[in-house]
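Take 1 as the starting number for the sequence shown in my numbering and just add one per residue.
FYI, nobody ran anything at the bench for these hints, they're computed from the structure. Note that the structure is predicted; figures quoted are calculated from it, not measured. Watch out, some of these pointers could steer you wrong.
In silico SDA-like links for lysine to any residue, alpha-carbon gap of 25 angstroms or less [said to hold, decoys possible]:
| no. | residue 1 | residue 2 |
| --- | --- | --- |
| 1 | 130 | 38 |
| 2 | 130 | 87 |
| 3 | 162 | 152 |
| 4 | 58 | 17 |
| 5 | 155 | 144 |
| 6 | 58 | 120 |
| 7 | 112 | 22 |
| 8 | 162 | 144 |
| 9 | 162 | 17 |
| 10 | 162 | 34 |
| 11 | 130 | 169 |
| 12 | 130 | 162 |
| 13 | 130 | 48 |
| 14 | 65 | 99 |
| 15 | 58 | 111 |
| 16 | 162 | 22 |
| 17 | 155 | 23 |
| 18 | 58 | 72 |
| 19 | 130 | 89 |
| 20 | 65 | 49 |
| 21 | 112 | 49 |
| 22 | 162 | 65 |
| 23 | 24 | 14 |
| 24 | 112 | 68 |
| 25 | 70 | 107 |
| 26 | 130 | 152 |
| 27 | 70 | 86 |
| 28 | 130 | 42 |
| 29 | 65 | 106 |
| 30 | 70 | 40 |
| 31 | 24 | 152 |
| 32 | 130 | 156 |
| 33 | 112 | 128 |
| 34 | 162 | 112 |
| 35 | 112 | 51 |
| 36 | 162 | 20 |
| 37 | 130 | 155 |
| 38 | 58 | 169 |
| 39 | 65 | 44 |
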Amino acid sequence: MNGVYVFLGVLALLVVIGIAQYNKLVRLNVAVDEGFAQIEVQLQRRGDLIPNLVETVKGYASHEKETFEKVVQARAQATAAQGVAAVAEADGMLTQALRGLLAVAEAYPDLKASANFLSLQEELSATENKVGFARQYYNDTVRSLNESIVAIPGKFFAGLAKVTARDFYVVDDPNKRTVPNVTFN
1 MNGVYVFLGV LALLVVIGIA QYNKLVRLNV AVDEGFAQIE VQLQRRGDLI PNLVETVKGY
61 ASHEKETFEK VVQARAQATA AQGVAAVAEA DGMLTQALRG LLAVAEAYPD LKASANFLSL
121 QEELSATENK VGFARQYYND TVRSLNESIV AIPGKFFAGL AKVTARDFYV VDDPNKRTVP
181 NVTFN
């Protein structure tokens, strides 16, 4: 009789552990999805600022057509990108294009003094910080999820929870990882 109680107790403990692991994996998976959504929100915010920034710079440097076209093309690619790797690649290309646009702005003192440009520059800088924080949050949640999937007991419940390892948000070129310099003197 005692053996039956021990068996039922062990079985109940295993069920509780299983439910806890299942719920943990599902919560982590949702957190990863949320983290990626936050990256997309911030990238969209940055993308929404770009047309205004381009138009402001165009008013002062209309002959820099190639630079403007690169920014517009990079923005279009970033907007259309799907999935972690494609979004990260498009994000890096857009960052490079923005660097070119801001480098053009350096050559125009009147532009650097424009209240509209200064406001856009400040918003872009704040957005870049938010993008960085969103990337960090996403990668932290991916790390937690991936660790739980490969560690015991989560390893045994990942398939049941239909959770798989996720990719980190990585920008390939280390130069693309830096925030564009948007300060003017």
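Results for each hint:
1. Taking the CA atoms of residue 130 and residue 38, the gap is near 9 angstroms; set against the 25 angstroms cutoff, the hint holds.
2. For the hint linking residue 130 to residue 87, the alpha-carbon distance of about 16 angstroms falls within 25 angstroms, and the restraint holds.
3. The suggested pairing of residue 162 with residue 152 holds, with an alpha-carbon distance near 16 angstroms, which does not exceed 25 angstroms.
4. For the given pair, residue 58 sits about 61 angstroms from residue 17 by alpha-carbon distance, which is inconsistent with the 25 angstroms threshold.
5. Note on residue 155 and residue 144: the hinted pairing holds, with a Cα-Cα distance of about 13 angstroms set against a maximum of 25 angstroms.
6. A C-alpha spacing of about 14 angstroms is found between residue 58 and residue 120, which places the hinted pair at or below 25 angstroms, so the restraint holds.
7. Distance hint between residue 112 and residue 22 is unfulfilled; the C-alpha atoms sit about 55 angstroms from each other, more than 25 angstroms.
8. Proximity of residue 162 to residue 144 is assessed by CA-CA distance (about 16 angstroms); at most 25 angstroms being required, the pair is judged to hold.
9. Proposed proximity of residue 162 and residue 17 is supported: the alpha carbons are some 17 angstroms apart, at most 25 angstroms.
10. Among the hinted pairs, residue 162 with residue 34 is consistent with the structure: their alpha-carbon atoms are about 17 angstroms apart, no more than 25 angstroms.
11. Under the criterion of a C-alpha separation no larger than 25 angstroms, the hint pairing residue 130 with residue 169 is consistent with the structure, at around 15 angstroms.
12. For a cut-off of 25 angstroms, the pair hint linking residue 130 to residue 162 is broken: about 31 angstroms separates their Cα positions.
13. At most 25 angstroms may separate the alpha-carbon atoms for a hinted pair to count; residue 130 and residue 48 meet this at roughly 14 angstroms.
14. Distance hint between residue 65 and residue 99 is fulfilled; the C-alpha atoms sit about 15 angstroms from each other, no more than 25 angstroms.
15. For the proposed pair residue 58 and residue 111, the alpha carbon gap of about 10 angstroms is at most 25 angstroms, so the pair holds.
16. Among the hinted pairs, residue 162 with residue 22 is consistent with the structure: their alpha-carbon atoms are about 9 angstroms apart, no more than 25 angstroms.
17. Restraint check for residue 155 and residue 23: the C-alpha separation of about 13 angstroms stays at or below 25 angstroms, so the hint holds.
18. A distance of roughly 12 angstroms separates the Cα atoms of residue 58 and residue 72; the hinted pair therefore holds under the 25 angstroms criterion.
19. Between residue 130 and residue 89, the direct Cα distance comes to roughly 18 angstroms. Compliance with the 25 angstroms bound is thereby established for this hinted pair.
20. Proposed proximity of residue 65 and residue 49 is supported: the alpha carbons are some 19 angstroms apart, at most 25 angstroms.
21. As the CA atoms of residue 112 and residue 49 are separated by approximately 17 angstroms, the hinted pair is consistent with the 25 angstroms bound.
22. Among the hinted pairs, residue 162 with residue 65 is inconsistent with the structure: their alpha-carbon atoms are about 49 angstroms apart, more than 25 angstroms.
23. A distance of roughly 15 angstroms separates the Cα atoms of residue 24 and residue 14; the hinted pair therefore holds under the 25 angstroms criterion.
24. Taking the CA atoms of residue 112 and residue 68, the gap is near 17 angstroms; set against the 25 angstroms cutoff, the hint holds.
25. Taking the CA atoms of residue 70 and residue 107, the gap is near 18 angstroms; set against the 25 angstroms cutoff, the hint holds.
26. Between residue 130 and residue 152, the direct Cα distance comes to roughly 35 angstroms. Violation of the 25 angstroms bound is thereby established for this hinted pair.
27. For the hint linking residue 70 to residue 86, the alpha-carbon distance of about 18 angstroms falls within 25 angstroms, and the restraint holds.
28. With a C-alpha separation of about 7 angstroms, the suggested pairing of residue 130 with residue 42 holds against the 25 angstroms cut-off.
29. Note on residue 65 and residue 106: the hinted pairing holds, with a Cα-Cα distance of about 16 angstroms set against a maximum of 25 angstroms.
30. Of the pairs offered as hints, the one joining residue 70 and residue 40 holds, with about 21 angstroms between alpha carbons and a cut-off of 25 angstroms not exceeded.
31. For the proposed pair residue 24 and residue 152, the alpha carbon gap of about 13 angstroms is at most 25 angstroms, so the pair holds.
32. Our distance criterion of 25 angstroms between C-alpha atoms is broken by residue 130 and residue 156, whose separation comes to about 36 angstroms.
33. Of the pairs offered as hints, the one joining residue 112 and residue 128 holds, with about 19 angstroms between alpha carbons and a cut-off of 25 angstroms not exceeded.
34. For the suggested pair residue 162 and residue 112, the alpha carbons sit about 52 angstroms apart, so the restraint of at most 25 angstroms is broken.
35. In summary, the hint linking residue 112 to residue 51 is supported, as the alpha carbons are separated by about 17 angstroms, within the 25 angstroms threshold.
36. Our distance criterion of 25 angstroms between C-alpha atoms is met by residue 162 and residue 20, whose separation comes to about 15 angstroms.
37. Taking the CA atoms of residue 130 and residue 155, the gap is about 33 angstroms. The hint is violated against a cut of 25 angstroms.
38. Between residue 58 and residue 169, the direct Cα distance comes to roughly 33 angstroms. Violation of the 25 angstroms bound is thereby established for this hinted pair.
39. Proximity of residue 65 to residue 44 is assessed by CA-CA distance (about 23 angstroms); at most 25 angstroms being required, the pair is judged to hold.
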